[in-house]
Amino acid sequence: MTRNSSTPVWHYRTRTQTLIHWLGWFSLVALTVFCWQLMNENTIWAFVSDAPDQAADIGGRMFPPAWGYIDELWAPLWDTINIATLGTLMGVAIAIPVAFLAATNTTPSTRFVRPVALLVIVASRSINSLIWALLLVAIIGPGLLAGVFAIGLRSIGFVAKLLYEAIEEIDTTQVEAIRATGASGAQVIDYAIVPQILPAFWGISVFRWDINIRESTILGLVGAGGLGIQLSASLATLAWNQVAMIFVVILATVVIAEWVSAKVRQAVI
Amino acid sequence: MQAQISHQRPTTWKRPPVIFTHTLWRWAIYTGALIYLVLAVQTIDIDWQRVWLGLDRGWKFVEGFLTPDFTTRWRDIREGLTESLTMTVTSTVAGILISVPIGIGAARNLAPMPVYLACRGIITLSRSFQEIIIAILLVAMFGFGPFAGFLTLAFTSIGFLSKLLAEDIEECDPSQIEAIRATGAGWWQVVNYAIQPQVMPRLVGLSLYRLDINFRESAVIGIVGAGGIGATLNTAIDRYEYDSAGAILIIIIAIVLVVEYSSSYVRRWVQ
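Quick note, the sequences are listed as chains A and B, same order.
Read in order, the letters of the first sequence are residues 757 to 1025 in my numbering.
Read in order, the letters of the second sequence are residues 697 to 967 in my numbering.
No lab work stands behind these hints, which were simulated from the structure alone.
A virtual CB, placed ideally from N, CA and C, is assigned to each residue, including glycine.
Just so you know, not all the hints are guaranteed correct.
What the hints assert, rightly or not - Which chain B residues stay away from chain A? Per the calculated CB distances, all over 10 Å, these:
no.	residue
1	708
2	722
3	730
4	762
5	772
6	805
7	816
8	867
9	905
Stated by the list, open to error - Far from chain B, some chain A residues (derived; all Cβ distances over 12 Å):
no.	residue
10	764
11	801
12	813
13	820
14	829
15	865
16	1006
17	1017
To be verified - Pairwise CB distance ranges (calculated):
no.	chain 1	residue 1	chain 2	residue 2	range
18	B	881	A	780	20 to 30 Å
19	A	932	B	809	34 to 44 Å
20	B	719	A	935	26 to 36 Å
21	B	809	A	992	37 to 47 Å
22	A	935	B	892	32 to 42 Å
23	A	828	B	958	40 to 50 Å
Construct all of the structure, not just a fragment, from the sequences and the given hints.
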């Protein structure tokens, strides 16, 4: 018995779908190759092929880390933690009103106020804290204050975005219940909305504090105080064993901060 | 009797505390926080004279931001922007190519124990340091320029993408895997026909999200010499050319917005 030639054979995709898929993949590959060419126009390949030697050289200089150098790192470490904590406090303090203005169910005006609040959030979010620090060091001078402001300005967008999403997701029956008792607008926010978003608020704040500890360790590279100042000094003098010691301190700080934030979030949520 | 009950009945209502329910602990934590705050604020020595001088500069910066100058340094801006964009695309593609096998290796339901541990190790290594620190090391090894930036972003993408992909694979519906396996499929066929259709939408979403992050980061790692628009911005601020710096910042914000909106659109279309 011969097989009927018109028997349909199962295919993963139809012919058009396959064609579109191939076209998509082809253009992606073409784009990548094009970008690769453009990017490496000025790359000096001699330096790249030299990299394993350089890596071995730097690695050799890094080990063992200069353990004694830690005596000079306690003060910058304290500064780093302060930058992160005070910056988070500042960011959160500004983010709360922004979040209430941005959430569709609490904003006074969807047409005029909400876009402004969203613009604040976007502007704060799209500029990295290192760039904020670069600007602020140029404006208010090097030091901890620039670091605190940089961390604070960067945190506004993050905290406000997550908080306004939490506000938009609240249970409306509770708002209605409080309103039915004759509560004013402020009382509705205080007794119906705040208790619902409080766990989310603590979670977001501690999460941001954790990220800020991470970011504040390097802000000193542009002069904004903390461990980064020691890092850039050690890099400038090519003291790689001190650099390695700073990396160890940064890693330990980040791990401890992450542990603390995980514990607090577990307790709150 | 009646009077006694009414006597015991509380007449005022106090909101119960949300966290730190124990009174003594609550007060201990409040005082501790207050003492810390006082100490922390004292470490910031503010040079009011410098701040006063800075206000003038700050105002100049605001002016520069409102009247951005795109033309004077357009050549530098274009060069930095090209580097940033090409770096973003190539590093995201390279990151995806490397992180797919690592992600599959780090999924407990697909990989044997030794492979699982090795892949998890790579992920932890990639996630433990931030972009800037890796960029410093790679610039020292590979020389200045976008190639070091490409390597930095690709390396940090691996940790992010593999971790989320592995978690996604672990959450796959096991009945589909079982069904494909029941047809006599080998390991590759299980990955291709049971896992891949389930995780593909999310992988596309994650890749686009990472593209977005890589562009933002590419604006930063230029500060330590890894090429891109960050280097241009750093130069502009060092030269006190706030109108050019304002133009660069506006371009960064605009591109981030375009990437974010188009990627969220594509993600909604894919999922």
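Results of checking the hints against the structure:
{"no.": "1", "hint": "708", "result": "15 Å, holds"}
{"no.": "2", "hint": "722", "result": "14 Å, holds"}
{"no.": "3", "hint": "730", "result": "13 Å, holds"}
{"no.": "4", "hint": "762", "result": "13 Å, holds"}
{"no.": "5", "hint": "772", "result": "14 Å, holds"}
{"no.": "6", "hint": "805", "result": "23 Å, holds"}
{"no.": "7", "hint": "816", "result": "16 Å, holds"}
{"no.": "8", "hint": "867", "result": "20 Å, holds"}
{"no.": "9", "hint": "905", "result": "14 Å, holds"}
{"no.": "10", "hint": "764", "result": "19 Å, holds"}
{"no.": "11", "hint": "801", "result": "9 Å, violated"}
{"no.": "12", "hint": "813", "result": "9 Å, violated"}
{"no.": "13", "hint": "820", "result": "17 Å, holds"}
{"no.": "14", "hint": "829", "result": "15 Å, holds"}
{"no.": "15", "hint": "865", "result": "22 Å, holds"}
{"no.": "16", "hint": "1006", "result": "7 Å, violated"}
{"no.": "17", "hint": "1017", "result": "15 Å, holds"}
{"no.": "18", "hint": "B:881 x A:780: 20 to 30 Å", "result": "26 Å, holds"}
{"no.": "19", "hint": "A:932 x B:809: 34 to 44 Å", "result": "54 Å, violated"}
{"no.": "20", "hint": "B:719 x A:935: 26 to 36 Å", "result": "32 Å, holds"}
{"no.": "21", "hint": "B:809 x A:992: 37 to 47 Å", "result": "45 Å, holds"}
{"no.": "22", "hint": "A:935 x B:892: 32 to 42 Å", "result": "50 Å, violated"}
{"no.": "23", "hint": "A:828 x B:958: 40 to 50 Å", "result": "48 Å, holds"}
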